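Enquirer: Listed below are the residues making up each chain.
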Amino acid sequence: MDSSTTIIEAAIAANRTLPGALLPVLHAIQDALGFIPPAAVPQVARALNLSQAEVHGVITFYHDFRSAPPGRHVLKLCLAEACQAMGSDALAARLKQRLGVDWRQTSPDGALTIEPVYCLGNCALSPALMLDGKLRGRITSDALDGVIEACRREPARGRDLGRDLGSDLGSESSRESGREPEDHA
Amino acid sequence: MTVTVFVPRDSAAVSVGADEVADAIARAAGPGACGERTAPAGADVRIVRNGSRGMFWLEPLVEVATGLGRIAYGPVAPSDVAGLFEAGFLEGGAHPLRLGPTEDIPYLKNQERLTFARVGITDPLSLADYERHGGWRGLRAAVAMQGADIVEQVVASGLRGRGGAAFPAGIKWRTVRATAGEQKYVVCNADEGDSGTFSDRMIMEGDPFVLIEGMTIAALAVGATLGYIYLRSEYPDAERTLYAALAAAREAGFLGASVLGTGKPFDIDIRRGAGAYICGEETAMLDSLEGKRGMVRPKPPLPAIAGLFGKPTVINNVITLASVPIILDKGGKFYADYGMGRSRGTLPFQLAGNVLHGGLVEKAFGLTLRELLYDFGGGSATGRPIRAVQVGGPLGQYLPVAKFDTPLDYEAFAAAGGMVGHGGVVAFDDTVDMAIMARYAMEFCAIESCGKCTPCRIGSVRGVEVIDKLRAGKRRPQNLALLRDLCDTMANASLCAMGGLTPGPVLSAIEHFPEDFGIALPDNSTAKAL
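Top to bottom, those sequences are chains A and B. The opening residue of the first sequence carries number 1 in my numbering; numbering runs sequentially from there. The opening residue of the second sequence carries number 1 in my numbering; numbering runs sequentially from there.
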């Protein structure tokens with residue numbers, strides 16, 4: 001078995017007994033790999049006794065799940081109303097133009113995948129973006145250029161590509177706390 | 001002597017550098033191995049990462065505990081730290097960034113903080129801090145009561161769902177309590193997707209135990225044994241804080257096989273959403289919790305009767321549940337004494353977008369938009385006139401200046417053609433093109449529709465197309481009539497509020513800002529079309 005197959009197996013094993021396990025399983029896979037490889041679909045479907053169509057349907061329904069690896073960094077720019085009121089449309093245009101790509105694409109040098117997001121809950125410090133799971137506020141065009149340049153320079157941060165919860169307490173405690181309540185159900 | 005310095009951990013504060021400021025203070029007050037120490041000899045600094053006070057234009061807002069109370073400095077940059085030490089900020093010394101006693105800042109002083117009583121004051125993850133500031137009193141009162149009596153206190157408080165629908169929470173609880181079922185659930189809707197809202201996030205990051213306490217009280221009231229927090233994936237900091245808070249509460253016996261030794265089990269787990277706005281709709285959220293696509297369910301059956309996994313389920317938003325502990329502590333009447341009309345209690349309003357002093361303003365219902373935008377908000381951030389305000393998220397109407405004196409009360413605001421919703425207020429200055437905002441409302445619906453019902457799924461796409469034609473000046477009267485007809489279909493035939501309320505921002509933009517659509521009023525031909 002190659003390493004991603006092992007990771008997928010581990011993600012399934014850690015979450016399969018949770019009620020409504022599919023989203024936790026998919027999150028665990030994406031937290032570890034940065035995306036959900038198409039090869040994972042039959043594996044997950046078999047383990048959770050679902051059809052492949054059901055798994056595919058869930059992956060494609062939710063904006064977060066990716067079926068292809070992202071770049072070394074993932075930048076989510078907020079396009080919702082509060083950020084629009086402070087000029088996020090111009091930032092969006094600048095971002096796409098500077099990288100020469102559209103939403104959900106990766107810059108040719110592999111540095112940066114850009115995704116739109118609709119509200120990061122930082123609406124009093126608009127415009128906002130999230131870089132590799134870290135929130136940033138009051139983004140000016142200079143700040144955006146700085147982010148782009150930094151991403152081009154910096155190497156990947158391991159496998160953690162959209163967020164960094166997979167490796168710390170997030171998924172661990174999710175497993176523990178998920179199991180416990182079943183005892184008194 | 002140990003001096004306590006507060007630097008918020010709230011992700012909005014961190015988004016403008018709070019972590020770097022905390023690091024700089026720690027370095028300056030450290031052992032000075034690298035000659036970085038600027039703190040006076042003998043001064044021992046303890047840094048507490050508190051929640052945010054909700055005055056975001058002042059973030060990172062650093063506070064120092066002094067004999068005269070907490071003194072605020074802000075907004076602090078890492079490069080200011082050395083100067084702050086030199087100015088003696090550990091004793092509340094004078095400095096250009098000094099704002100005086102935090103509690104005396106008018107923005108804060110003029111609020112009525114019930115749900116947010118502790119946010120920004122305590123260490124969010126300290127059980128001792130929580131207890132010292134009134135925590136667990138509501139739960140302790142509740143464990144001594146019959147479930148039915150807990151429900152009646154919540155009914156008496158007049159608390160209505162703060163997620164947007166404003167349904168009386170106590171009535172919902174009564175239904176769940178009255179429904180027989182071996183397994184019942186409490187689900188906290190933490191899918192705070194509306195643009196311009198962040199109060200749920202601030203509670204989860206700044207006072208997570210109050211949410212845990214509220215959910216536990218709900219569980220005791222209705223006989224539920226398991227709770228879920230459905231948390232949007234855009235809030236990773238809240239997720240970390242909640243997991244840590246749950247572990248601490250469990251460890252201390254507030255959750256688990258026997259809540260506070262009552263023999264009644266209750267525990268809470270977190271489920272992370274995956275970036276779908278529609279999952280804030282309660283039935284779509286249930287499908288998502290069950291591991292499916294977030295598709296809206298027809299009602300009935302009500303989730304209170306057949307909800308998560310078909311079981312009776314209390315579903316409330318974060319703020320609703322976080323308002324329960326104070327109601328059980330001080331009684332339903334105490335809470336009901338705030339507010340106006342049928343809108344009882346307080347609402348944490350969120351001032352956002354193009355506003356100078358954006359932040360959280362918890363006030364009793366009844367204040368006006370004008371008070372919020374100008375007395376608290378200080379007008380626009382850009383210095384230009386505020387032209388339009390959207391209240392209640394992406395499904396809320398756009399309101400012009402002429403409506404700014406309407407009191408924020410569920411009924412009064414609805415009568416004026418608005419929607420209080422989750423209390424988010426997004427301001428736009430006079431550079432906004434309302435036709436673009438109307439188009440965006442339709443576009444957002446098209447992006448986020450679950451696709452189950454046709455008016456929402458297809459209507460939103462057609463809506464974008466028609467507005468594009470209007471903006472291009474093509475057959476305006478005919479296309480306006482078509483857009484109105486389409487909005488009528490969406491409003492009346494959609495399965496849920498997503499399609500049903502999307503016409504709100506579109507039609508209000510046309511009504512109040514016709515010039516942006518190229519409609520010269522008064523004009524008989526277009527007046528007819530309107």
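Please note that the accuracy of each hint is not assured.
[Stated by the list, open to error] Distance condition first, Cα-Cα at most 16 Å in a straight line; then the derived EDC-like pairs of lysine to aspartate or glutamate: (1) K96/A <-> D109/A; (2) K134/A <-> D19/B; (3) K469/B <-> E411/B; (4) K134/A <-> E152/B; (5) K134/A <-> E20/B; (6) K292/B <-> E54/A; (7) K311/B <-> D337/B; (8) K469/B <-> E443/B; (9) K134/A <-> D109/A; (10) K333/B <-> E152/B.
It should be emphasised that the hints constitute simulated quantities derived from the structure, not laboratory data. As the structure is a prediction and not an experimental result, all values here were calculated from the model.
Enquirer: Each of the hints needs a verdict: does it hold here or not?
Expert: Here is what the structure says about each hint:
With a CA separation close to 14 Å, the supplied pair K96/A and D109/A stays within the 16 Å bound. Between K134/A and D19/B the alpha-carbon distance is near 11 Å, which keeps this suggested pair within the 16 Å criterion. The hinted pair formed by K469/B and E411/B fails the criterion: a straight-line CA distance of about 35 Å is larger than 16 Å. For the hint pairing K134/A with E152/B, the CA-to-CA distance comes to about 43 Å; that exceeds 16 Å, so the pair is violated.
Restraint check: the Cα-Cα separation between K134/A and E20/B comes to about 13 Å, which is no more than 16 Å; the hinted pair holds. Proposed proximity of K292/B and E54/A is supported: the alpha carbons are some 8 Å apart, at most 16 Å. A hinted pair counts as satisfied when its Cα atoms are at most 16 Å apart, and K311/B with D337/B does not qualify at roughly 35 Å. Taking the CA atoms of K469/B and E443/B, the gap is about 14 Å. The hint holds against a cut of 16 Å.
With a C-alpha separation of about 22 Å, the suggested pairing of K134/A with D109/A is violated against the 16 Å cut-off. Our distance criterion of 16 Å between C-alpha atoms is met by K333/B and E152/B, whose separation comes to about 11 Å.
Checked against the numbered hints above, the structure breaks hints 3, 4, 7 and 9 and satisfies the rest.
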